[in-house]
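J.: Each chain, written out:
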Amino acid sequence: MLKKRLIPKFLLRDGRLVKYVRFFENERAAGNPVTTAKVYNDYGVDELIVLDIVPSAASRGRVVDIIERMSEEIFMPFTVGGGVKTLDDVNMLLRAGADKVSVNSEAVRRPEFLREAARTFGDQCMTVSIDYKRISPNHASVFIDGGREHVALDPIEWAQRCEELHCGEVLLGSIDRDGTMSGYDLELIHKAASVLSVPLIVSGGCGSLQHAIDALEAGASAVAISSMFLFTDHSPIKLRSHLFSRGLDVRASFSSRN
Amino acid sequence: MSRVAIVDYGINNVRSVKNAVEYCGFDPVVTHDADTIADASHVILPGVGAFGDAMNNIRARGIDEMLERQVREKGKPFLAVCLGMQLLANTSEEHADDGVAHRGLGWFDADVMRLMPNDPALKIPHMGWNMVAKERDHPILANIRESNLAFYFVHSFAMRCRDAGDVVGFAQYGQPVTAVIARDNVAATQFHPEKSQDTGIELMSNFLRWNP
Chain A
1 MLKKRLIPKF
11 LLRDGRLVKY
21 VRFFENERAA
31 GNPVTTAKVY
41 NDYGVDELIV
51 LDIVPSAASR
61 GRVVDIIERM
71 SEEIFMPFTV
81 GGGVKTLDDV
91 NMLLRAGADK
101 VSVNSEAVRR
111 PEFLREAART
121 FGDQCMTVSI
131 DYKRISPNHA
141 SVFIDGGREH
151 VALDPIEWAQ
161 RCEELHCGEV
171 LLGSIDRDGT
181 MSGYDLELIH
191 KAASVLSVPL
201 IVSGGCGSLQ
211 HAIDALEAGA
221 SAVAISSMFL
231 FTDHSPIKLR
241 SHLFSRGLDV
251 RASFSSRN
Chain B
1001 MSRVAIVDYG
1011 INNVRSVKNA
1021 VEYCGFDPVV
1031 THDADTIADA
1041 SHVILPGVGA
1051 FGDAMNNIRA
1061 RGIDEMLERQ
1071 VREKGKPFLA
1081 VCLGMQLLAN
1091 TSEEHADDGV
1101 AHRGLGWFDA
1111 DVMRLMPNDP
1121 ALKIPHMGWN
1131 MVAKERDHPI
1141 LANIRESNLA
1151 FYFVHSFAMR
1161 CRDAGDVVGF
1171 AQYGQPVTAV
1181 IARDNVAATQ
1191 FHPEKSQDTG
1201 IELMSNFLRW
1211 NP
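Keeping their order, the protein sequence lines are chains A and B.
Note that the first sequence covers residues 1 to 258 in my numbering.
Note that the second sequence covers residues 1001 to 1212 in my numbering.
Any given hint could be a false lead.
Listed below are the simulated DSS-like cross-link pairs for lysine-lysine, each with C-alpha atoms no more than 25 angstroms apart in a straight line [unchecked claim]: (1) LYS133(A) with LYS85(A); (2) LYS38(A) with LYS1074(B); (3) LYS191(A) with LYS85(A); (4) LYS1074(B) with LYS1018(B); (5) LYS3(A) with LYS1134(B); (6) LYS38(A) with LYS191(A).
Sample of chain A residues facing chain B (criterion: CB under 8 angstroms; computed from the structure) [stated by the list, open to error]: (7) ASP99; (8) GLU116; (9) GLN124.
Worth flagging that the hints you see were computed from the coordinates, not collected in a lab.
These numbers were taken from a predicted model, which means no experiment stands behind them.
Positions of the beta carbon are idealized from the N, C-alpha and C atoms, including for glycine.
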């Protein structure tokens, strides 16, 4: 059976690794993405997600360069996104070495784009990224443009719609919990996992080993982690061995050597 | 130093296979030139895309005859990956028109069939990290612990071999999935070793040092 995955999530701004709290607060520089990716590769993470959070024509070239350099030395699946609007954008990122391309705002504005991209490149290449906020205790809503624009969509219903449009995977991120290391939004994860049939990657809030266990037990196929790996002493190695020892179905070890 | 030929049959992304060969310390060349393939020490047939298009490209460029000569007659070590592996079968039912299956290279007595896991919760494509259980040992899996035989898969079709002796290992995904096959100087993997981290690099490195 397929293994549950541990996925560091990289946010790029002008080609540098950055991290915020709740998308906009407390910007922290987090170093060089290629160097950091190599460290995580040595730690045996299962995949990498790389998102350009302030996309522009100039930053696309930087992202392509970064992905090309990563794929010279790092041999695992990459999901890359940020400002993806056209089939050419998808093609450019796949050619640079991405295995999957993440689409967010453009899928909301133009759902047909997702279907077209899946038809052209295969469902397995298309990840839809969905950011949401709780706008009242019982009501969550989707935000696009890096959390700037509110759209009247329920995140779970939108995820189901994306599945109908042939996305291969859903990356579901809580803006409220982003960077807070206060734990994942388990209630919403549980609901999403119970109605989606494509793999669900969850993002936003991981600050302890137990948080990752909770999200996987709530039904997530993969945990995306940023702050915890960047700013605490919980490394991917430590997390993997903890999950494995607790009986979660993750890859046993990062090294093939006898 | 002799080079490693990565067969170019018009698929657009062979970058990670090429990078992985370089990372292992070998000199890759992406080519469909007969002389370059003849000069290579090892040959890799990568694969992403659809079976029918791939076979059409291979025949149009005469790659089928080139490989027949270099791999089957001269015995050059050969590794086929993902769709590359499926192309070694007799037929594939992928997008078969009017129920007529596409014809493959026919190096293995096998057919390529759509995955049909016995659990409706299991999605197609089979995508992600899965374990491979060995049916037997093979040099390309040398020095890899059994508990570390996790590889990255992305596919909706898989090969079914009639000769059980051809199968080196299976994965399980609601059905046995043929993951590694081999005979003589030919080996093939359904998963992507070039995306399977240390274990995948170890496998590629084993292949590049293999002299059957």
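J.: Which of the stated hints cannot be reconciled with the structure, identified by number in ascending sequence?
T.: 2, 3, 6 and 8
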